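Chains as they are written, first to last, in the numbering used here: chain A, 1 to 117; chain B, 1 to 117.
Please keep in mind that the hints were generated in silico from the structure rather than gathered at the bench.
Please note: incorrect hints may appear among the correct ones.
Put simply, identical chains are the same to the list, so a pair is met inside one copy or across any two.
[Stated by the list, open to error] Below, a list of computed lysine-lysine pairs in the BS3-like style, where the Cα atoms sit at most 30 Å apart: (1) K47 to K91; (2) K47 to K107; (3) K107 to K91.
Please read all numbers here as calculations on a predicted model, not as lab measurements.
Number of protein chains: 2
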Amino acid sequence: MSNHPEAPVRPVEAYEPPYYVAVFTTVRTQDQSGYSETNARMEELVKDVPGYLGMDHAQTPGGLAITVGYFRDAEALTAWRSDIEHRAAQKRGRAEWYQSYTLHVAKVERSHGFTRA
Amino acid sequence: MSNHPEAPVRPVEAYEPPYYVAVFTTVRTQDQSGYSETNARMEELVKDVPGYLGMDHAQTPGGLAITVGYFRDAEALTAWRSDIEHRAAQKRGRAEWYQSYTLHVAKVERSHGFTRA
Chain A
1 MSNHPEAPVR PVEAYEPPYY VAVFTTVRTQ DQSGYSETNA RMEELVKDVP
51 GYLGMDHAQT PGGLAITVGY FRDAEALTAW RSDIEHRAAQ KRGRAEWYQS
101 YTLHVAKVER SHGFTRA
Chain B
1 MSNHPEAPVR PVEAYEPPYY VAVFTTVRTQ DQSGYSETNA RMEELVKDVP
51 GYLGMDHAQT PGGLAITVGY FRDAEALTAW RSDIEHRAAQ KRGRAEWYQS
101 YTLHVAKVER SHGFTRA
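The shape of chain A in the complex, shown without the other chains (with noise of 0.2 Å):
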């Protein structure tokens, strides 16, 4: 979810539909060690799952943190949600970073988007 400064930040693309997001909203705790290790590993992990599509991310300081996963299908979100590392980062995340989340999965029906020409 790091951003990277060599390159402009852009939203990922409207894919044809359907596909599958993954809204995962966030307060963190303020114990976050380790959480961006946990975080960057995530990031390389996800990227291994058949039919992942990319992801957006953006963070308030000291506010809300919001996450949007992109995948082509159900099964590639059940492949997701069953890894095991994930599993464990998740299990960590409840016992320690997050203070609340809320993560809603929806099946996109219609997309578009823009870019300045």
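Chain A is fixed; fit chain B onto it per the hints.
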């Protein structure tokens, strides 16, 4: 999409599916004159849409912003999409405020939340 410093930040809760999410990911231009006033007006206006459930917003400084709107059904989304003031704001957004954006409209199939005890 403002945070209210008097209240703790909390993500919008997990509603009972089905419901809809509108995921709007944006990168803004340098020219933001009039944006915050219009944005505040849209935040008020959307509350009048029958079936509107809530909104999450996060913005990485200098980077990506993500707004997620939650709606009970497709009719609520259609009402919001058709709103005259909203359409004018969208048009101005493309002309002035957005470098690029993507909109993903999706039907939520499952959701859950977590709050630290």
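Checked hints:
{"no.": "1", "hint": "K47 to K91", "result": "within (21 Å within a copy, 35 Å between copies)"}
{"no.": "2", "hint": "K47 to K107", "result": "both (20 Å within a copy, 24 Å between copies)"}
{"no.": "3", "hint": "K107 to K91", "result": "both (25 Å within a copy, 27 Å between copies)"}
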